[in-house]
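Enquirer: Mind the numbering: the sequence shown is residues 1 to 462 in the numbering used here, read in order.
Think of the hints as simulated: they come from the structure by calculation, not from any bench.
Predicted model, so just to flag it, every value in this text is computed and none were measured.
Some hints could be false.
Unchecked claim - Here are the simulated DSS-like pairs of lysine-lysine, each with C-alpha atoms no more than 25 Å apart in a straight line:
1) Lys339 to Lys362
2) Lys362 to Lys332
3) Lys388 to Lys332
4) Lys428 to Lys339
5) Lys396 to Lys339
6) Lys396 to Lys362
7) Lys428 to Lys332
8) Lys396 to Lys428
9) Lys339 to Lys273
10) Lys428 to Lys447
11) Lys388 to Lys362
12) Lys396 to Lys332
13) Lys388 to Lys273
14) Lys312 to Lys273
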Amino acid sequence: MLLDNLKAIVGPGGWTCDPDALEPHLTEWRNALRGETRIMVSPSTTDEVSRVVSACASERVGIVPQGGNTGLCGGAIPDGTGDQVLLSTARLNRIRSIDPQDYSMIVEAGCILSAIQDKARKHDRYFPLSLAAEGSCQIGGNLSTNAGGINVIRYGTARRHVLGLEVVLADGTIWDGLRSLRKDTAGYDMKQVFIGSEGTLGIITAASLQLYPDPGELTTAFVAIRSAFHSVELLAALRTSLADRIQAFELISDRALRFVVRHIPDTRMPFDKEHRWYVLIDVAQGRDDGLLEQELMRSIEEDLALDVIVAKSIAEADALWRLRHSISEAQKHEGASLKHDISVPVGSIGNFLERAQSLVDKFIPNARLCTFGHVGDGNLHYNISQPKDGNIEEFKTRGADLSEAIYALVTGIGGSISAEHGIGTLKKECLARYCSATELDLMQSLKRALDPLNTLNPGKVI
Numbered sequence: 001m002l003l004d005n006l007k008a009i010v011g012p013g014g015w016t017c018d019p020d021a022l023e024p025h026l027t028e029w030r031n032a033l034r035g036e037t038r039i040m041v042s043p044s045t046t047d048e049v050s051r052v053v054s055a056c057a058s059e060r061v062g063i064v065p066q067g068g069n070t071g072l073c074g075g076a077i078p079d080g081t082g083d084q085v086l087l088s089t090a091r092l093n094r095i096r097s098i099d100p101q102d103y104s105m106i107v108e109a110g111c112i113l114s115a116i117q118d119k120a121r122k123h124d125r126y127f128p129l130s131l132a133a134e135g136s137c138q139i140g141g142n143l144s145t146n147a148g149g150i151n152v153i154r155y156g157t158a159r160r161h162v163l164g165l166e167v168v169l170a171d172g173t174i175w176d177g178l179r180s181l182r183k184d185t186a187g188y189d190m191k192q193v194f195i196g197s198e199g200t201l202g203i204i205t206a207a208s209l210q211l212y213p214d215p216g217e218l219t220t221a222f223v224a225i226r227s228a229f230h231s232v233e234l235l236a237a238l239r240t241s242l243a244d245r246i247q248a249f250e251l252i253s254d255r256a257l258r259f260v261v262r263h264i265p266d267t268r269m270p271f272d273k274e275h276r277w278y279v280l281i282d283v284a285q286g287r288d289d290g291l292l293e294q295e296l297m298r299s300i301e302e303d304l305a306l307d308v309i310v311a312k313s314i315a316e317a318d319a320l321w322r323l324r325h326s327i328s329e330a331q332k333h334e335g336a337s338l339k340h341d342i343s344v345p346v347g348s349i350g351n352f353l354e355r356a357q358s359l360v361d362k363f364i365p366n367a368r369l370c371t372f373g374h375v376g377d378g379n380l381h382y383n384i385s386q387p388k389d390g391n392i393e394e395f396k397t398r399g400a401d402l403s404e405a406i407y408a409l410v411t412g413i414g415g416s417i418s419a420e421h422g423i424g425t426l427k428k429e430c431l432a433r434y435c436s437a438t439e440l441d442l443m444q445s446l447k448r449a450l451d452p453l454n455t456l457n458p459g460k461v462i
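Produce the entire structure from the sequences given, and follow the hints as far as they go.
Expert: Rendered as structure tokens:
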């Protein structure tokens with residue numbers, strides 16, 4: 001009865017029960033989790049989403065919203081029972097409006113991130129959210145996990161780019177909060193409740209986004225450094241001279257780079273000599289397009305940097321960024337891995353990496369670290385590949401204890417166990433352990449208030 005009702009709501013082109021069509025939507029990017037469902041619906045309007053959610057609520061059936069399915073924590077995967085309904089936002093893909101003078105645009109949840117960037121560019125405006133999956137991830141998923149990406153140092157996380165939201169609540173009610181106001185102190189800022197909630201409090205169907213002036217040409221540099229401690233020192237020095245013109249500042253370990261060169265075609269090491277660590281930098285040129293190069297030369301003199309490559313063309317810059325964006329794909333070829341999307345205070349990055357290395361040596365001595373991250377906001381992807389030719393099951397068993405030790409270290413120095421990929425199902429137990437009792441109680445109270453029947457993405461986050 002429910003399935004027939006859902007099919008009627010979304011129409012002939014808006015649902016599938018075909019196992020082959022469902023298959024790509026039942027596992028996350030790393031194939032670490034798998035779920036089941038009898039049907040995936042793809043509403044094309046907010047009204048259809050509302051009616052689907054209302055129908056599921058009336059039957060007390062769980063509904064799992066899914067965007068581009070590029071997440072790493074299982075937040076968009078149904079459980080294994082097959083009883084939950086999967087809701088794809090892929091057909092909610094319209095850019096409803098853009099107002100260049102107001103520096104804002106209204107987009108639907110299924111819009112691909114790169115399409116939003118391109119639309120803004122055509123109007124001489126800039127949308128700064130940028131990450132490796134931008135060609136396939138959807139803005140609704142980006143907002144539901146409060147995605148970060150490479151430009152956080154200058155522009156902040158996804159949360160800072162949202163002026164308003166349209167959200168379908170647990171009973172199917174539509175909240176229209178698509179305002180483009182920069183200042184509004186009329187009560188609670190309700191949009192913030194849904195950003196980062198991973199679809200557990202409401203389903204985002206559209207967003208009013210803030211745009212920015214086009215930063216113009218960027219200068220890209222690849223810098224070899226002696227240690228992760230030097231990355232923090234180098235960033236501090238560059239911020240003194242370049243201020244907010246630093247767009248991105250990415251830390252990359254030598255092994256991460258070698259994984260890319262080994263598995264990704266048409267890539268090569270940027271320097272003839274190997275170094276332990278590197279940083280990849282984007283800077284808005286401003287009036288002096290040689291200032292970054294000048295400052296980096298000074299950094300070499302002061303022993304903050306060892307070697308520098310400054311891209312002389314867009315093609316060279318793209319090649320350098322391809323190395324960074326290919327790390328996750330390359331690591332998949334190296335077998336099983338542990339992923340730790342964590343954040344620590346920026347000044348503690350070197351200290352964390354040093355202490356975490358001791359933990360890895362203790363629990364899995366021959367494991368291979370593949371570390372990279374965003375130095376400017378303290379977000380590190382502390383990824384660990386299994387020992388070469390090692391036993392996968394043993395690695396996973398010992399890896400669970402290692403992850404617990406790493407998370408304890410992170411929280412002990414004032415960090416977070418989740419920086420930009422969310423909690424989903426993979427980190428739900430960790431959240432319960434490392435979140436304060438008061439904070440967890442507040443989250444649970446909010447969930448009960450907004451989703452009393454627990455039908456919105458049940459089993460995720462809390």
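Enquirer: Can you list which hints this structure breaks, lowest number first?
Expert: Hint check: 9 fails alone, others pass.
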